[in-house]
Amino acid sequence: MHTRVKLLTGLLGSLLILVALSGCGSTTAVPQYEQAEGYRYLERKITDNYYLLSITSKHKADLLINAQTQASILTEQLGFDWYIIVEQNGPDDTTPPYLQTIEIRMGKGIRP
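Going letter by letter, the sequence shown gives residues -22 to -1, 1 to 90 in mature numbering (1 follows the signal peptide of the UniProt record, and there is no 0).
One or more of the hints may lead you astray.
[Said to hold, decoys possible] Here are the simulated BS3-like pairs of lysine-lysine, each with C-alpha atoms no more than 30 Å apart in a straight line:
#: 1; residue 1: K23; residue 2: K38
#: 2; residue 1: K86; residue 2: K23
#: 3; residue 1: K23; residue 2: K36
[What the hints assert, rightly or not] Simulated DEER-style distance windows between Cβ atoms:
#: 4; residue 1: T25; residue 2: I51; range: 13 to 23 Å
#: 5; residue 1: G57; residue 2: K36; range: 26 to 36 Å
#: 6; residue 1: T47; residue 2: K23; range: 12 to 22 Å
#: 7; residue 1: N27; residue 2: T73; range: 31 to 41 Å
#: 8; residue 1: E15; residue 2: R89; range: 14 to 24 Å
#: 9; residue 1: T72; residue 2: N27; range: 32 to 42 Å
#: 10; residue 1: D71; residue 2: I24; range: 16 to 26 Å
#: 11; residue 1: I88; residue 2: G16; range: 37 to 47 Å
#: 12; residue 1: R89; residue 2: I24; range: 16 to 26 Å
#: 13; residue 1: A39; residue 2: W60; range: 20 to 30 Å
#: 14; residue 1: E65; residue 2: A39; range: 27 to 37 Å
#: 15; residue 1: I63; residue 2: R18; range: 16 to 26 Å
No lab work stands behind these hints: they were computed from the structure. Don't be surprised by glycine CBs; every beta carbon is placed ideally from N, CA and C.
My request is simple: use the sequences and hints to build the entire structure.
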């Protein structure tokens, strides 16, 4: 009986540690920049040189330009020389707010 209690306590302790550590690896996006007129920029780090950027705006025309501008700023801030757009989605909604997402890969030196 005493061995079962120790085993159960050890299993519960291990489970608690596992749950606590799983929260540390979260890649939840956090708003990086927000304005009153509905502009919002979020970035999500996928790897050290691969990011997902999301731009939300009431104005559809400037979304891709804003996304590319944010990609350039992020690339420079992280010390990379260039970036390429790996994938791009949106805007496909017909009513505001519009959403544009791009996935970028950054690098140093000669661009592929």
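- [ ] Find the hints from earlier in the document that the structure breaks and name them by number, from lowest to highest.
- [x] Hints 8, 14 not satisfied by this model.
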